[in-house]
Amino acid sequence: MDFRLGDNADSLRAALRAYLDEALTDEVEERLYRSGVSHDADFIGGLIDRGWFAPAWSEDLGGAGLDPTSVMVIFEELNRREAPMYATSVSLMVAKALVKFGTDEMRREIVPAVLRAETICVLGFTEPEAGSDVANAQTRAVRDGDEWMINGSKMFTTNAQLGDYIYLLTRSNPDERKHRGLTTFLVPLDHPGIEVQAVHTISGERTNIVYFNDVRVPDSARIGDVDGGWSVLTASLMDEQMASFAPWIVRLLEEVEAWAAETGRIDDPGVRERLGRVAAQVEVALLLRRRCTWMDEEGITRNVEGPMAKLFSSESLTQASQDMFDLIGPDALRSYPDPEAVRGGRIEYMMRFALGTTIYAGTSEIQRTQIAQRGLGLPR
Amino acid sequence: MDLRLSAEQDQLVDAFRSLYAKHAPPDRVRDAELVGHDPELWSQLQGLGVIEMAIDEDRGGWGASMLDLALVAEQHGRHVAPAPLIERQVAARALARLESPRLDDVLSGDRVTSIALHPSVDGVAPAVPAASVADDVLVLVGDALCLVPVSAGSAFENLGSMPLADVGTDGGEVLEGGAVARQVFETALDEWLLLTAAALIGLGARALEIGVEYARERIAFGVPIGSFQALSHPFADSAAALDGARLLAYEAAWAVDEDTDRARELAALAFAFGSESARDASYRSLHVHGGYGFMLEYDIQLYWRRARAWPAVWGAPPDGYRRAADARHGRR
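Quick note, the sequences are listed as chains A and B, same order. Numbering follows the working numbering, in which position 6 of the first sequence is assigned residue number 6; successive positions increment by one, without gaps. If you want the working numbering, it's the position in the second sequence, counting the first as 1, plus 1000.
Check the hints yourself; a few may be wrong.
Straight line, CA to CA, 25 Å or less: simulated SDA-like cross-link-like pairs of lysine to any residue [stated by the list, open to error]:
(1) A:K178 x B:Q1229
(2) A:K100 x A:D296
(3) B:K1022 x B:Q1044
(4) A:K178 x A:H200
(5) A:K178 x B:W1042
(6) A:K178 x B:S1227
(7) B:K1022 x B:E1033
(8) B:K1022 x B:M1001
(9) A:K100 x A:P188
Since the hints were made in silico from the structure, they are not lab data.
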């Protein structure tokens, strides 16, 4: 066994840290905080120039063609600094589905534009009445000759206000069993009949609800087979199966350790005990995530290693951010805009941010069910 | 990164898995509860060279890595084996580090030595693991590491059916003093914490399996109870925690073998997190047995008791977290 990631990974990490120190200025942080939008075109441009934007994509498709370990290191560092990546990483996830299931035109026009960060795609899976039960989508797509008429609404369509396309899951056949009557589309967000309404969240992130009223799209907007949307969707969600929030716990611990050193509280044994607990959560969250990467590197098929990494990291972040908030005391209340805020309000923010991590990309309950059934062999 | 065991390590695990399956099944564990020690099991372990493997080649041993020892400890824990493997290995390694001629007696099997995890206070080292079945105990008395012969009669009944004893430390032989003594003691403690973590992870993993097996078979309200999320979801949390704890313990063992500057921190983290993971898993598994889990007849109680008792001879998870933080941030 060897727990080193290797010299390449170490120098890549150092290069990323240096770049992020320089690129994520106080002005950028301020703008991101005020807007609640995790996107910054200049910042993304810098990543593209350095080959860190689509590191896992093969070179012929416009990526950097890096190995899984390098890709992991890049995301560990970008996420540790909460770099504004959300709009573009979702777009890349959609582009990946387009490469596999999209039309020639989508592959020719939209995929390269996503890889240049000129096109933003957003997810349209969740609905007001269908969250974890994503296959229960009720947004209707009715065929009419060479066109489809779409009616319904999509929830948590983050970045739809600045996006170009929505990757849409619809009910095309209400007579089939629920997983079999679904079809996916890529619909331009400036299409007549589409209305984007802001939804503000506790983390400060702005998301949306998108309404579709008699939206008429050509059949060429369809992704994959008619009524074959479920297999398109599950392939797209595979990436999310390895979501890990380990880098956020790393950041949390760094901030609280810095606070404890600045204030002298670091010498308190009770403080040390609680910092030690978070240090264990950091280590375990990183290891569970790195195990997935190692398996990918070795070509070993993963079973529930991804759900374990996601479950442990998000639940630990939620628990640890609350405990660190409690540890700091009343000053932990102060938010980012207050110049007196502890560590720029990062701990208070992290506690709010953590709530979402146990919900999106598959709730903790979905992850536990997968681990219980596929991992432990417990009955359905 | 490489998480694969070597071919030799696979063989090592297989050898100990078969040994424990044969010589430490649950009825043998029960039979040994009164004294906390199964001499036949120990002689089998000795036959496989558990002391020799823990000692470097230049001191007459086989020079196994800390990761090798952790793999063996994990199998030990899976069977809640009634033999003081870890204490004897750690004590022997400390004697080797002290370059003590007493190591020869241990390697030859003439003397059995354990180690006190806390310094002696007022002439007594309390609750020393494996002491009631040892000839000698290594104890830190003030600033001196002493080898103290164990007198009979100080063993006591305990939660984990362990061979514990309070050891009077007057009149021991001083092997080393001063900073060296303290350093050897702290290193021995790191090793004990790490190997105990590995044993607890094996224990926790087996406890979880026992609970899962029961939940798949037991029918209530017309269905297997394992289909209820109120049961299966806590099991999933334990599965993730134990996988993480295992990776952490292996990383700590690797850090010791590579002599990295995080070895002490990682050993203490592995102990604290491994303890919590094992006791959560054993609690959840015992609980899903319903009233049966409360009965001595069912094996799960063997695991629940040891998940709490084995680590407690040194300390609780908060003690491990503080030790890790001290290693990370320097002594106060």
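(message) Given the hinted pair A:K178 and B:Q1229, is their Cα-Cα distance within 25 Å?
(response) 23 Å, holds
(message) Check whether the Cα positions of A:K178 and B:W1042 lie no farther apart than 25 Å.
(response) Not satisfied, since the Cα-Cα distance of roughly 60 Å exceeds 25 Å.
(request) Compare the distance between the alpha carbons of B:K1022 and B:E1033 with 25 Å, and conclude whether the hinted pair is satisfied. (result) With Cα atoms ~18 Å apart, B:K1022 and B:E1033 stay inside 25 Å; holds.
(message) Check whether the Cα positions of A:K178 and A:H200 lie no farther apart than 25 Å.
(response) At roughly 31 Å apart (the allowed maximum being 25 Å), A:H200 and A:K178 break the hint.
(request) For the pair we were handed, A:K100 and A:D296, check the Cα-Cα distance against 25 Å. (result) Measuring from Cα to Cα gives roughly 20 Å; hence the hint holds.
(request) Could you grab the alpha-carbon distance between A:K178 and B:S1227 and see if it respects the 25 Å cut-off? (result) 23 Å, holds
(request) Sort out whether B:M1001 lies within 25 Å of B:K1022, counting only the CA atoms. (result) 35 Å, violated
(request) For the pair supplied as a hint, A:K100 and A:P188, confirm whether the alpha-carbon distance does not exceed 25 Å. (result) OK: A:K100 and A:P188 at ~20 Å, within 25 Å.
(request) Given the hint that B:K1022 pairs with B:Q1044, test it: the Cα-Cα distance must not exceed 25 Å. (result) 10 Å, holds
Violation of the numbered hints given earlier is confined to hints 4, 5 and 8; the remaining hints are satisfied by the structure.
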